[in-house]
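Protein chains in written order, with my numbering: chain Y, 207 to 362; chain W, 207 to 362.
Hints may contain errors.
For identical chains, the list gives no copy identity; a pair is met inside one copy or between any two copies.
Claimed, not checked - Below 25 Å or equal to it, Euclidean Cα-Cα: the simulated SDA-like pairs (lysine to any residue) are: (1) K208 to A255; (2) K315 to G261; (3) K315 to S219; (4) K315 to A217; (5) K334 to G303; (6) K208 to I344; (7) K315 to R297; (8) K315 to L218; (9) K315 to R295; (10) K208 to V288; (11) K327 to I344.
In short, the hints are calculated from the structure, not lab data. These numbers were taken from a predicted model, which means no experiment stands behind them.
Listed here are the chains, written in short residue letters.
Protein chains: 2
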Amino acid sequence: MKALSNVPYSALSIGQQASSTRIVSRRDIQLFALASGDWNPLHLDEDYAATTSFGECIAHGMFTGGLVSAVLANQLPGPGTVYLEQTLRFRAPVRVGDTLETRVSVSEKRDRGQRVVLDCKVVNQDGKRVATGTATVIAPTESLTVMPRSPDLDSP
Amino acid sequence: MKALSNVPYSALSIGQQASSTRIVSRRDIQLFALASGDWNPLHLDEDYAATTSFGECIAHGMFTGGLVSAVLANQLPGPGTVYLEQTLRFRAPVRVGDTLETRVSVSEKRDRGQRVVLDCKVVNQDGKRVATGTATVIAPTESLTVMPRSPDLDSP
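Based on the provided sequences and hints, a complete structural model is requested.
Shown next as structure tokens:
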């Protein structure tokens, strides 16, 4: 496990970037279905998905929103960030085994209230943008490094 | 388990609504953390969260995005919907034990391409809006009822 360090407002610059890569597994889709309650068989039932234009199970669109959230929370601006707004455009299906790179880039710093705007995109192994959008956050004031605790499904 | 039925484009009317209620559990937050990779200790570490202005662990903002996705996918327009865009504004923290009602309401039908716009809000037990936004989808053409398969973390 790696410590998570933030970039406080004063140290953020326009164009500053962070990214994270994830190979999408069937388990990721099951986890998202359980967390969200979105049991659309397009995501969970191979037999049903085979009858659709996608031909196989695809990830929930909002799964890519989770990936964006993770880069903002874990890396840029990182711990202490308050998430205010997100726009998302779902551009292409995400399949099991896809390698997704989630990139965020600082596009605007507002003087008032430490608001920061970031361009967000999720790109697959073919360079295709599967999701794009814009995040607005309150960046943290202070430098902070935290050691994350692993999620534990058996915790009370 | 309940069958999921959709409302095809031709049967959708402005103002038509659907909603779903969920009591937020610690396990929901752990599931979202695993699905997204967002291990911000504000969501997972009670000791850390106690040092923040929130005083206790709160759910990921994007968890509310998952709840919105679920109502769109399961109910309105339901199975066969293609998710194109979502805006989200995170307005208030969500705590373990909160009862969230997620409501979507048809605000616009576009003639072209069966595009439908829906107002989305997630409201807690005190009537406070914790998240609001707008979804744009392609509504299904045909009526469809599907029997969902439960998510299964042990599936291969």
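Tested hints:
no.	hint	verdict
1	K208 to A255	between (37 Å within a copy, 19 Å between copies)
2	K315 to G261	neither (43 Å within a copy, 28 Å between copies)
3	K315 to S219	within (8 Å within a copy, 41 Å between copies)
4	K315 to A217	within (11 Å within a copy, 45 Å between copies)
5	K334 to G303	within (15 Å within a copy, 40 Å between copies)
6	K208 to I344	within (24 Å within a copy, 41 Å between copies)
7	K315 to R297	between (27 Å within a copy, 20 Å between copies)
8	K315 to L218	within (8 Å within a copy, 41 Å between copies)
9	K315 to R295	both (23 Å within a copy, 18 Å between copies)
10	K208 to V288	within (21 Å within a copy, 37 Å between copies)
11	K327 to I344	both (20 Å within a copy, 22 Å between copies)
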